[in-house]
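**Student:** Two independent chains are provided; combine them into the complex using the hints.
Now for the letters of each chain:
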Amino acid sequence: MTAASAGGLPPDAVAALRDIVGERLLTAPVDLATYAYDGTFLERRPAAVALARSTEEVAAVVRVCAERKIPIVARGSGTSLTGGPVPASGAELVLDLAAMNRILEIDPVTMTATVEAGVVTADLGAAAARLGLFYPPDPASLAVSTIGGNLACNAGGPSGLKYGVTRDYVLALEVVLADGRILRLGSRAMKNSSGYPLHHLFVGSEGTLGIITRAVLKLLPRPARERTLLAGFASLEAAAALVTRVLGAGILPAAIELVDRVCLDAVEAYRPLELPADLEAVLLFRHDGSEASTAAEVEAVAAVARSNGAVLVRVAADEAEADELWLARRAVSPALARLRPNKLGEDVAVPRGAIVEMVRRIREIAERRRLPIATFGHISDGNLHPNILFDAADPDERERMLAAASDIFLAALDLGGVLSGEHGIGALKKEFLPLAVDPAALELMRALKGLLDPGGILNPGKVLPDGTGLVRPPEPPPKESGRRRSPFEAAPSGGALDGSEPGSEAAGSERPGPGRGETTPGPVLDPRS
Amino acid sequence: MIAPPPPADPLAGLDRPRGPLAELFDHLAGADACIRCGACLAACPTYEATLLERESPRGRVQLVRAAAGGSLALDDAFLRQMYDCLDCRACEPVCPVGVPIGTIVLEGRAAAQRPDNPDRRESAVVRAGRRLLQRIVFGRPRRMEWPLTLLRWGYQRTGLQRLLRASGIMRLLGPLGRLEAWLPELPDRPWRWRYPDAGTHLEAHGPRRLRAAYFLGCFMNAVFADAAEAAVEVLRRNGVEVVTPADLVCCGAPQTDLGEVEIARDFARRNVAALEATGADVVFADCAACSGMLKEYGDLLADDPAWADRARAIAAKTRDFTELALELLPAGPPLGRVERVVTYHEPCHLAHAQRITAAPRALLRSIPGLELREMAGADVCCGSAGVYTFRRWDESLALLSTKVANVAATEAEVVVTANPGCLGQIEMGLRRSGRRQRVRHVSQLLLEAYQAAEAAGPADANGGAVAGTG
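From first to last, the protein sequence lines are chains D and G.
Under our numbering, the residues of the first sequence are numbered 1 to 529, in order.
Under our numbering, the residues of the second sequence are numbered 1001 to 1470, in order.
This is chain G alone, in the form it adopts within the complex (with noise of 0.2 angstroms):
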């Protein structure tokens, strides 16, 4: 379909679109509250990166707008721009008026590729095998937890990985390639298997102060186990009793993210029934793109009316691990000295979806002898962003190097972060510029502050321990 000429009105641009797709723009009801002032452009990294207008916050709205009023073809190209977002998110803050940006890209992405969308055709097969490797891998996130622990086993303990990664055969193989050079060092078990009986009924340690539903992210449970562990350990120090879910899916996150906006919301129904049925006081995720998501439930079944309320009852109980930690730690066990220098960086889903930046922060420095030291361009994303690693190769990379050339001039010795995705995506790019920093969860970071104090004695529980100098 060839979109029809511009408009030759010049107040057109303040007509609310009557075109196809006009309902999904009243959906947006913020798609025309946006005032066009640019404010945006200063804030994203692919406008940063390319210069270009469509790169921009700005330019994304304008096509959906123009898409959802019929000027502009819901084809490959729009698709595209759609995708070239990284969904970091770091144009909202800035939006003087608020336009909700980032869920007007994924929206734009879902009605092109609705099925009844004329101006692109995908193939139902291919549209229903790519639902059905949603549904199978993330419908029942406990299927990675094998494949992976045999990949940990046969193939990173073998040295079977090292030697095939300095042979360059990897290079060699495409996407697959790419997803290997995405593998971070993996845990020798994966977390659910760390707490036998799933259900998962963890005491607090002494008098318990609050009960915690833990939504365990996917990649938390099978690749960051360790950090998963952490975050309840230091948790239960403080009182919490945790319970998880043996139910879970995934939070559907990534699913919003590739337009399946169905299946998210499938996937966000179970969650809340499994949430609901814990009984507890709060949820809480220690990863960002699972925290963000999860306070989002109220709005994603918005349109549903058995679920609405549940889901924003489940919403509004949820914290990230962060933020619930900060509530607790004042007045919980002494932190015990971790002698490092650690940088920090910001998770998109945490300081621009959920504004959360002071609180990991405080956490760190609540540490002693820890020094937090700054870098540049902490909040800009590393260029994992979902899918935007495998889809955008190139470009993600570049993101990274930068990333990585920040870390780098701190001369810190740990990078500290809060979410999946960020610590694989930078721990892929300290490995591949032969750099020794590690990068770490806030939590762990936390943790080891915990085993400082108590390998030190309750005598001298009070910042006499030292950690981390070896």
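Next comes chain D alone, as it looks inside the complex (with noise of 0.2 angstroms):
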């Protein structure tokens, strides 16, 4: 705890940030109470709120905050799905930079975009589109979202598989450190080998380390034309056969989207879409490029799909028809609203190889928990988010909703994943990172953060475990399974995908890969359960 308890920043601290950002310090209790939250049910008022205009200011305001001892949460537009931007204990001063929005250039001969942090990451893709570029990553909140949360949490999107994620369009970032220098990294080259790339340390970082004040960003020609598929099937293997068999013929779309039974249940029940009832998974593939490339890819996709097992493929004529596809996907979030009042929308990745396993222990975690867990996400790159639905009227839903979310990180580690593809850990899932990485790595991230942040005032309580998250691992942690996997060691299921017969149950969760045996099977059972 520092001087500045809840509810209140010492007087002189006030004074001092009143000299910098005057009116634009908020204390008054509407404010306080919306600066409170983020897009997770977590929730605690800050001491204040300041809003900020400039690099200059967010680094006077840091200086003062600094010298007193004062946390920090830097905030875009609060639609973090894992508490990062939420308050740890009550402290802090909520450092807006929403209005920090200018796109400063876009630069049509280098390809690149110079960004203030509060930029909204549409308003970004629509400057490109105007001069016949494109920016890439496309996380779901996008129209709201703003680039510089983009580049703390490193935010993806189903673009991922052909065009990566934030951090691969970071050429250049400006940060303040923790204690107020600003600090320019990068350059607009394209390339760049010049010593320890520090500008690729504070993406993902969520505000810990430093916060993201402008960047230049990398921007691609746009492509000319998007075409869209959908493909049906009865059984998720088949689904996810499909998709080995899509690559593998050499064919590379902008975004494949699985969306799974509980979800298409759930859709069919809010807004039928007249699919076939006794589907598995769908399948939503997104081409970009040109008029003819696109065709002909699109028109691949279907061939491979009509002879590997879909029930169901449809094509969209036009722009109109493509809407109408992605419902079975857009409609997802209304539609699981309507099924329970909360939700927790969760982010796991696993190799690819392994999504087939993971969906499968996701159900019986859905079923231990007695809870409904529906799945979707970026089934090409193996980025799943499976959401816990309950009721939190119930406090024993509560409790098996914390159990379901520990269960499906610990699956997700054993099967040689990741705790968070895209949206980062924040205030959930810090108390596990210490199952994800090795012992060492998660020393030199402490060593990291103490060396750039010795007062540990920017957003503590964030990545880094201290006891206080909310979800936690079994006691005693598990020894074998439900720890991260070393990348060098085959996952478990290595080997669903790699071609084995579409539609069958062996390409799934019953023919164990290379690697395998060493390892307790099955499901991690929760001590509480």
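By construction, these hints were calculated from the structure, which means they are not laboratory data.
Be careful, since some hints might not be right.
Going by beta-carbon spacing under 8 angstroms, a handful of chain G positions derived as facing chain D [stated by the list, open to error]: (1) C1037; (2) L1041; (3) Q1062.
Glycine included, every Cβ here is placed at the ideal spot set by N, Cα and C.
**Tutor:** This is the structure in structure tokens:
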């Protein structure tokens, strides 16, 4: 605890901050109550909110806070799904960067965009599009989320398969360090092999190492055409096998999205799509490129799908039809919200070969914890979003929700996956980090944090474990399964997507992959259950 | 009253409120459905203008939630946030889980204005005066007819208005000056005076296809009578027998807007009775705020056992003029040519509250010779927003100037819309920026097309007549 206890900042800090941001220091209850949350159910009011307009203001605010050990949470649009921008203690100053939203330059020759942290992702996309350019990262919240938040969490999106994630577009960053120094890292050059890539260090650091204030981002030429194809399957294995076949045929779609049975049932009840009732999974393919290349790709995928067990293949003739097909994906959130009052939207990523096994384990967890879990996500890069549906009014369901989240994290780790593909660790998953990285890596992370933020003022209580996390691994911690699997050791289901017979059950869980015998198979049982 | 300290339990965000106004919260089953995803931020004009969370739909829902839970005082600051909402409902269609955000905000206003609210004291006299004014003006809307007609003849027609406006003296008059600035070109005669026998039974031209009750909005009657006449005449040409009850009162939208829900309920009951008595097949209004409000009567009177079913029945029969016209016109007489470039402004209470966006456009596109040129941000509020113009003058003008700029960029001659608030507000915006475009209701363009066809005569009715070339 710092001198600034919940309920306000010390008067001298208020005066010093007012000197910097004036009226833009907010302390009214209506403001504290509205900067208390993000896109999760976590909530805690900060001591005050400062609205920054420039890097210099950010630096000056950080200096004032550093002197007084006032913790700082940097914030964009507050769409995080991990509690990242939610104050951990209530003593925090929320430093809002939403008004730093200028697109400073789009250079069509170097094909770069120079932006402030508060620029909304979709606004950058639109500005680039006007010049025939393309900013590919497409998190679901892009209409609202800020580039600063995307950078802090290394946001991804459906297009990750072909285009990668936010980090892949970072050429240069401006960062305010915990002592108020302003650091400018990187270059506009497309390639950079000059010393330690410090700019990448801050991407995904969730505001715990520094506050990103500006960025130079790489742009690509804009594809002329997008096309959409929907394929439905009677088994998840068949769907997964199609992904392998398509990629194996030399086709690289811009995105392949998975919608599972639980989602489909919910959507059907909410807004009938007239899909066959017995579908276990639907895949949505998005292809981009030229008129001709996308037409050829879609045709090829349709052919592969038909000959590989798809019970339904629909190709969108135009944009309106494409919209109609994507409804199967877009309608998932509202449909799920109608099933249960609350949900926890999770984010894990596993090696592509383990995706069928991961979905199977999610189903087991749903059964064991007696909660519906709907899964959708980016099947082609192994990034899944299991959504745990629950009723917060029932304390027992709350407990089971937390247990199910824990189970899901452990299952992902057991399959050689990671705790988060694109949302970050935030407050929700920090206690699992020791299970997810090498002990030496955790030590190094702590050392880095100590080096860059010795006073511990930058977004405390996030990313690194401190024993206060809401979701915790079982005690005692699992010995074998449920711990990080070395990336040099094959995952238990490494063979699932290797092109085994489509539709065959063996393609999924039952055929042991290389290395499977080395560990305890099956799900981890939480002693609390 | 000082709000209690913020919740210490990180899961408190999941708790149902248990504070003094928890019953309010229970009533708002939607408030805890908010998953705080923030999707609404991108749609909200006030968030876009301020980038403040408390000015966002998500922020407002969370404020009501906190207030209902007892962790936020229902004080003036809270009420101010509630009134900073335009009630434009742009957030509702984008909400992935269907939270009734607009209703929650209006309930927030009503809750803070309750006489038993311990956090906010309002003098009983002020409160009573405010309510009396609502009843005097909106409880007998025909009381607006004479004063406005006198304004028309004594102030506008005499040139006094032009003189005073040019003198700049109006700027010194504060709120009165604003009212004056808003004042559009008034009609020579209110709608009611044009159709004597105010019980007003207007026969259909040709064989009757439908008997429709016209919910004549207060402002459509007294301020936009030309548009109201056009709506009725367009429908009559399509076989509609139009019945306008003499005893209609205000629809209740301004009262809900001001948190005076009880007055709104009272008005709703009176209107339901009047509309029932017509025995009409459908009810229509050419004011989007009215048609939207009538469609909500079922919810408004849901807790009144004597009226709930009757209100629901009227709500189910209600159509906006644009909806009804689109149903009827394809089988009606041919429309003549109107050689104009127009742009369409979407009234919030049509596009967002009623989700009607295609019908008005389809109607305009059905007019031969007319070019509909879309403006940027057609669905963004013009700043009129009920009482917002007068409560938040500067903010309202900021929205209006964006709207005017978007209109100007289309180079259209006419801005078409479907709601009196928007008609007046955009007319003011164009006037203040010295632009010559005119603002018209969809019904007026349709009537113009019929008149063009009729002028051309039956032989050449189909697309031969030319109107509006001058």
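**Student:** The structure should be examined with respect to each hint, and the outcome stated for every one.
**Tutor:** The hints, checked one at a time:
| no. | hint | result |
| --- | --- | --- |
| 1 | C1037 | 5 angstroms, holds |
| 2 | L1041 | 5 angstroms, holds |
| 3 | Q1062 | 6 angstroms, holds |
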